[in-house]
Amino acid sequence: MFRHKWPRIVAAACLFSLVAAEIGVGSQDTGAGGNGLSSGDSGNTSADAEEGSPAGASGGGGSKRRLLVSSQVFTFLKESSFLRVEPTYWPLQQTREITFSFKTERPHGLLFYHLLEESSEVDKVPNYELYVMLENGRLKIIHILNTEGNEVFYVGKGLNRDRWHTVTLRVTPSEGEMRVRVDHEDLRINLSSLVHRGGYDIGSEATPSYLYFGSIDPKNSSVDMHYNTDSFFGCMGRVSFRLENGSAVDAVLSVEEDVVRDCVDLCDKYDFCLNGGRCVNHYSYYGCDCYGTHYEDHMCGYDNLTTVTLRGNSFITYRIYDWKDRVHSDHNRISMMFKVSVPEAVLFLATGEHDPKNTVAASIKGGALFFSIDFGRGLLNVTMGSNLHDEMWHNFTMIHDGTQVTLYMDKAMHS
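The working numbering numbers the first residue of the sequence shown as 220 and each following residue consecutively.
These are calculated hints, taken from the structure and not from any lab test.
It is possible that some hints are incorrect.
[To be verified] Calculated lysine-lysine pairs in the DSS-like style (CA-CA distance at most 25 Å, straight line): (1) Lys558 to Lys584; (2) Lys584 to Lys543; (3) Lys558 to Lys488; (4) Lys543 to Lys359; (5) Lys376 to Lys488; (6) Lys576 to Lys630; (7) Lys543 to Lys488; (8) Lys576 to Lys297; (9) Lys488 to Lys297; (10) Lys630 to Lys376; (11) Lys376 to Lys576; (12) Lys376 to Lys359.
Computed from a prediction, not measured in an experiment: that's the story for all the values here.
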């Protein structure tokens, strides 16, 4: 299912009532996925952390420089959260590699930004920037070198389902090649700027560079980013640097700002969801998923469910997301409770705006539920139930999981 082709859901019917709180359209991704990291797989504290300091202490822009341990994981929970990391020897013109892991539920966010330290020898330091970020749930790479133009590439999809993902990026300047791997998906890129120049034309391998993870330091006025990026919210870590021969490169963690050690799950500490509601960790706050509980509000504690009455020519438009937040998702759920008094009624229609248009629809025909779905491979129709216009409450739920679609009509199931 592609959410960017589902900008809205329109529900309408002839003389039926709908429990609005039971409409659930959302991701069903609850597994760990990725490389198997979990919130309990927290990594180590800094190599030279002060004795007695709490492992989970939030960084406050600390000036104490320490080695970055490759097993460390951090939680980024504010707009201002970032790490500044300085590899000890990772020259731009040599073949080099970085690997890291992350998980988030947000479709946008800066993963890392690589740039060179300012130098008085301006002619020897090219205008270089490397962005690796999330955009609409995809990994986006932007490579900038002098006036050769900006080179933009994408790989992966649906990387914002709160599962762990591992990214490896390797640059071979002499061949003008960049290779990016996200989990098990590979992308090989020819960087025309490097092919044209024969590599990075830097006079000395001693030119230092550094990386910002999560966001950049707003106090560093020397950083002149060509692209505006959203801050990263979620967990990130297990960062390692290597050279062509596979040798590991030490890196200094020079600044930590508003990050927490380990991958924090607020639901482990603050699960106040009531009546069977499922706690959802949003890193900076938590929420409750009330699906299936017959309760609503932020803690699933309100049992007087919101209902609406539609009179044949009326309808509701349900906004799933802001336009810029449209993302690919192959795990979705639509659920509603309804009662009708006529044998013909429209329950809901979800359709895309761009060809080929994905379509999902449910209606009452002859007192039975008629469901249709088309994800571009042909229309599939299912009829379930009978006498649904008996003015009694009925529940219909669709759960989409990859290539499998499961339907529930009251106690009956079809997949």
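Evaluated hints:
A distance of roughly 14 Å separates the Cα atoms of lysine 558 and lysine 584; the hinted pair therefore holds under the 25 Å criterion. With a C-alpha separation of about 36 Å, the suggested pairing of lysine 584 with lysine 543 is violated against the 25 Å cut-off. For the given pair, lysine 558 sits about 40 Å from lysine 488 by alpha-carbon distance, which is inconsistent with the 25 Å threshold. Taken as a hint, the lysine 543 and lysine 359 pair is honoured in the structure, with Cα atoms around 15 Å apart against an allowance of 25 Å.
Note on lysine 376 and lysine 488: the hinted pairing is violated, with a Cα-Cα distance of about 31 Å set against a maximum of 25 Å. With a C-alpha separation of about 31 Å, the suggested pairing of lysine 576 with lysine 630 is violated against the 25 Å cut-off. The straight-line distance between the Cα atoms of lysine 543 and lysine 488 is roughly 32 Å, outside the 25 Å bound, and the hint therefore fails. A hinted pair counts as satisfied when its Cα atoms are at most 25 Å apart, and lysine 576 with lysine 297 does not qualify at roughly 37 Å.
Between lysine 488 and lysine 297 the alpha-carbon distance is near 19 Å, which keeps this suggested pair within the 25 Å criterion. Between lysine 630 and lysine 376 the CA atoms are separated by roughly 34 Å; this puts the pair beyond 25 Å, and the hint is violated. A distance of roughly 19 Å separates the Cα atoms of lysine 376 and lysine 576; the hinted pair therefore holds under the 25 Å criterion. Distance check on the hinted pair: lysine 376 and lysine 359 sit about 10 Å apart at the alpha-carbon level, within 25 Å; holds.
In summary, the structure is inconsistent with hints 2, 3, 5, 6, 7, 8 and 10 from the numbered list given earlier, while agreeing with the others.
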